[in-house]
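Hints given; two lone chains; assemble the complex.
Read off the chains here:
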Amino acid sequence: MAKKKFIVGSFTDEAVLFPAVKKVRRAGYKLHDVFTPFPIHGLDKEMGLRDTSLHTAGFIYGITGTSTAVGFITWALTIDWAINFGGKPYFALPAWIPVTFELTVLFAAVGMVLTFCWLCQLAPFVKKDHFNPRSTDDTFVMALECTNATNEAEAQQFLQSIGATDVKVEVKETGWWLGSYANDKMRFEKN
Amino acid sequence: MSLLRYESQVRAPLVDGTKDYHQVTEDICRPVEAKPSRLWWTGFLISLGLLLFGIVSVTTEVIYGTGQWNLNRTIGWGWDITNFVWWVGIGHAGTLISAILLLFRQGWRTGVNRAAEAMTIFAVMCAGQFPVWHMGRVWNAFFVFPYPNSRGPLWVNFNSPLLWDVFAISTYFTVSLLFWYSGLIPDLATLRDRAKLKWRKAFYGAASFGWTGSTKHWQRHESLSLVLAGLSTPLVLSVHTIVSFDFATSVVPGWHTTIFPPYFVAGAIFSGFAMVQTLLVITRKVLALEDYITIEHIDVMNKVIVLTGSIVGIAYLTELFMAWYSAVDYEWFAFKENRLNLNSPYGWSYWLMMGCNVLSPQIFWFRKMRRNLFVTFFMSILVNIGMWFERFVIIVTSVYRDYLPSAWSTYYTPTIWEVGFYMGTFGLFFTCYFLFSKFFPVIAIAEIKHILKKNGENYKAKMTKEEEDTVTQFGEHHLHEH
Chain A
5 MAKKKFIVGS
15 FTDEAVLFPA
25 VKKVRRAGYK
35 LHDVFTPFPI
45 HGLDKEMGLR
55 DTSLHTAGFI
65 YGITGTSTAV
75 GFITWALTID
85 WAINFGGKPY
95 FALPAWIPVT
105 FELTVLFAAV
115 GMVLTFCWLC
125 QLAPFVKKDH
135 FNPRSTDDTF
145 VMALECTNAT
155 NEAEAQQFLQ
165 SIGATDVKVE
175 VKETGWWLGS
185 YANDKMRFEK
195 N
Chain B
2 MSLLRYESQV
12 RAPLVDGTKD
22 YHQVTEDICR
32 PVEAKPSRLW
42 WTGFLISLGL
52 LLFGIVSVTT
62 EVIYGTGQWN
72 LNRTIGWGWD
82 ITNFVWWVGI
92 GHAGTLISAI
102 LLLFRQGWRT
112 GVNRAAEAMT
122 IFAVMCAGQF
132 PVWHMGRVWN
142 AFFVFPYPNS
152 RGPLWVNFNS
162 PLLWDVFAIS
172 TYFTVSLLFW
182 YSGLIPDLAT
192 LRDRAKLKWR
202 KAFYGAASFG
212 WTGSTKHWQR
222 HESLSLVLAG
232 LSTPLVLSVH
242 TIVSFDFATS
252 VVPGWHTTIF
262 PPYFVAGAIF
272 SGFAMVQTLL
282 VITRKVLALE
292 DYITIEHIDV
302 MNKVIVLTGS
312 IVGIAYLTEL
322 FMAWYSAVDY
332 EWFAFKENRL
342 NLNSPYGWSY
352 WLMMGCNVLS
362 PQIFWFRKMR
372 RNLFVTFFMS
382 ILVNIGMWFE
392 RFVIIVTSVY
402 RDYLPSAWST
412 YYTPTIWEVG
422 FYMGTFGLFF
432 TCYFLFSKFF
442 PVIAIAEIKH
452 ILKKNGENYK
462 AKMTKEEEDT
472 VTQFGEHHLH
482 EH
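If you read the sequences in order, they're chains A and B.
In my numbering, each number is its position in the first sequence, counted from 1, plus 4.
In my numbering, each number is its position in the second sequence, counted from 1, plus 1.
For the record, the hints were derived by calculation from the structure and aren't laboratory data.
Every residue, glycine too, gets a C-beta built ideally from N, C-alpha and C.
Keep in mind that a hint or two might mislead.
[Stated by the list, open to error] Part of the chain A face toward chain B, derived, beta carbon under 8 Å:
#1 P41
#2 L47
#3 Q164
[Claimed, not checked] Now the in silico label distances, taken between C-beta atoms and shown as ranges:
#4 B:M136 <-> A:E149: 53 to 63 Å
#5 B:F440 <-> A:V114: 17 to 27 Å
#6 B:P154 <-> A:A96: 13 to 23 Å
#7 A:F129 <-> B:M323: 53 to 63 Å
Just chain B, with the same shape it has in the complex (with noise of 0.2 Å):
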């Protein structure tokens, strides 16, 4: 109950409806304790299926090698790394509505940022498979961490960026989860206070911690929040920052930029946000929450994506007119001959990229546009294809002709178990995703009721009739009356 802060009646109310505290309860808890619809189940199972058809992906690759994959010499990176770049990417979005937002006192976050948080951390799980899985001999995998060995001790080297993504990604997951985790377990606690079924109150008992309510732990759970998204702030932006310089620090043409560090965290966001859309335009209707997650809701994120493609598209152009400018042969030449020429093995995917996060963002300069869900979703789709092929185009554009033309490589295309891999990631995805609407309470029920007296429809101090008014009708109303 902050009453200091001053809400515009002007705003549009964040949470539709007449609501009260229980009734706020109700709404989030019900798709929780219903049992799960043909819906669910659909797609519940076909996630399982493109998850098994990854697990079988990656199992083969593990028996033959890297092999199994089209990788050659110069590209040996090609989807694999496309892919970890992407999913870390997505992953951002979540962290820049819970952790940023709630520094900038962004009242919309509330709706939105419990799905957005778990969505971090499922894509950041996806992503952690990559690198992993990548490097073959993966039983050898915990080489990565500096422990004490019977080589030496042999210890890492600190020094090159590869390694400071073992720290940024895995610091990054864990974080995440434990401001995920805290946050949940008030709402828990909720869910275990009404429980009526038996292992119910045994799962949501043992999940919320004992949780009561009690102001003093309030007083450290506010705390705690707070601290944790400041750290999460420098945190997420680090991590892109790191991903980027896995590129920035070397010296392939195409590569070696020092735009990457703000380009790649805009493009993350922009990403992020993406995913964030399509899957909450689809939970919002499914799981009946269009009262809490409200076209306004999908308005604010859709200015967010036109601004975070725009900063993208700016930075597509600094880098070309740098590539130019720079007057370096080579890096001009990996712009202008491997990008820009369309008749280029790879031209295609340039401007692929350039259409769907450049010029297709565009469209949410209008109001119409960023408040239709089906453009809100079909944009959704779009720009992250955009944003895989901008990857795509990074890595695979850059190194596929080096500096010598006799080891210009022959045309990459992944093989069906390259495919299956990412497909198996999207499985993974999406049956966390599943898991957690059906079992977790997908929007912060305590942070909703903290808002509800000031931004719920029913509490909101209503617009006067004066303020209602265009100007010419408030002159004719008004300005006859001397």
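Just chain A, same shape as in the assembly (with noise of 0.2 Å):
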């Protein structure tokens, strides 16, 4: 697999971590990642992420489940087997309304979550590197990657210099790929 370098730094705080990464935006750095522990509203629009559209394929699911619904029972009640259940009308529009609810709010939501994992790439057993673990604890860890053009220890000073402690270079495997978390050695102590 292909390696890349990247410059990473800590941010304890939020306050501190806003204006930073506009700062690397402005002095053209190229922003990898910025990981959290918690979402951080309006992270997203600093750093020049586009909205998501996971709600409109959600919505797409939710219309699938309701056609299916309205389309299986119309043909399984009208024209595959119509049984007269007390007189009432083959096509009881009304009767199926709960079912064809059902089948909309389970097609979006288990839709949703698949393509949510799919996006992120997430699934059980899946290993993926973010420099650091304490970024799923209380530091905000800000990724850098270095192309052709980036002067690494300028970077890095600069860095330090909006803010970020422990300050360093990573070379890190492109992608993301299955391992498992138990043969890593001890990844940080409690301080």
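Dropping the structure here:
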């Protein structure tokens, strides 16, 4: 696998992180990602990420569920084997609302979760590297990707100047891979 | 860090004590990483024992048939469906807290939502047992799904409320599970990155799906949570509505009522919150999480209990009034003779229900009572007894005397196997809850961190001296300054 070089810095306060992201982008560095222990509203905008279209996908899944339910029940109860239930019409749409609604919700929810896992490449037993294990605890970790134009020493100094601590250069394999966290050495000690 | 939201300093903090992000992680992960206590083992083993009793009871029923239960003509549903409706109702509070309160932007949900959602899932698992084992020939249970079969294919009846139930309950379980687990993933990643033991790394590594905390992933995660909350909100209302349709679409006096859907939903939330209180009053103490599940949380949930309890009370009275006002003899007889009449065979259960559900929660109008843990715990048990009897009253008192006095049934009491089955679901519920509280963080770590800097005690804006004064004190201090 291809290898990439990253310059990694840690932040402990989101009030420092926000202006830092702005400065990094203004200085023209390639921002790889910011890893945070909890969702920080507005950080995605600050990093210049576009809005997710996951909800649109959810809507499409929901519509699929609705039409599956209406289509299937109509076919089953009016064409395939029409049964007279107490003299009611074969095409009893009001009575099908509950099942149609449930299938709409079911399709939308299951579809969205699967899409979410696919987009973020999340699955059981997937192992990924996120530079600093404390980024799931209390640290906001910023990773800059080194390009040919990047001066490493300068970039490290720059990160320090905007408030990052623990700045270092790391070489990582790109992509994601299967593996086990169990084989890792103790990744950080409690302070 | 939504800066646009105004947080009044008059509101009590949602996280007590001096906390930073790391401290939050430590506090919530501590019970997961510590060895299980003697108390945990005791509770777990008792639950496991109950579960075994349930398994024996169900096995007996499967071998010898539903004749092992004391069901008769005309009481075909008895304890079994009473328990089903009761458990489904319990589940509703979890979804209410996690979904509806998310949409309403209620910060206090963060302390209790994880445990409440887990409760939902376990309660729905318990509920599902009853209709399934009631089928008798349970090996044919898959007949309820519309699959291509060799009988025609003969499709299921999509016009039947019992089939709607199949779809409602299975969808509810699936969506609740997805919602709960997608919220758990970041917290499991936290546990993974803290893990020292090999099996912990392997277990939480596999369970956390390779979560990294990337900003893009959080953005999608937020979108997912919001849409799932939006989907779960009508879903949870639909589930108990559909359960109430099992009764309301029939022509049995006492069941054939248009008020059933809203009345069932309010009752479900009522009983669900009571169960949340039962669990959390214990959990916060045993796991030392009083800083996160504060008296403030207990207070707010007790307010929900008095609100929904009163809604249920109004529903009871409306139902009673309509039975009389409808001028239908059968309807009025079901209410007057089968329920209101204390000397009738099941009259006691109606008044027990009234006492537990309508009168007793009124104690929560008093702030002192809402913030008293003993009262809260006692009341939560009382409410759950009351809500069980509500379902018992609806089912049994409506069917034990039908239109024809010659068909009036003998007095129905459950057999040991019916009781065993019910106890068994308690075993299932608490076994699951004990395992959950041992291996998963019972509080949403990431969500607590999200609100920490706004609602944490050491971050929150303090009230000024003037704001804390009473009116008289303020007058004394300031009025003579002119």
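Results for each hint:
1. P41: holds, 6 Å
2. L47: holds, 5 Å
3. Q164: violated, 21 Å
4. B:M136 <-> A:E149: 53 to 63 Å: holds, 59 Å
5. B:F440 <-> A:V114: 17 to 27 Å: holds, 25 Å
6. B:P154 <-> A:A96: 13 to 23 Å: Because 19 Å falls inside the window, the suggested range holds.
7. A:F129 <-> B:M323: 53 to 63 Å: Because 57 Å falls inside the window, the suggested range holds.
Checked against the numbered hints above, the structure breaks only hint 3 and satisfies the rest.
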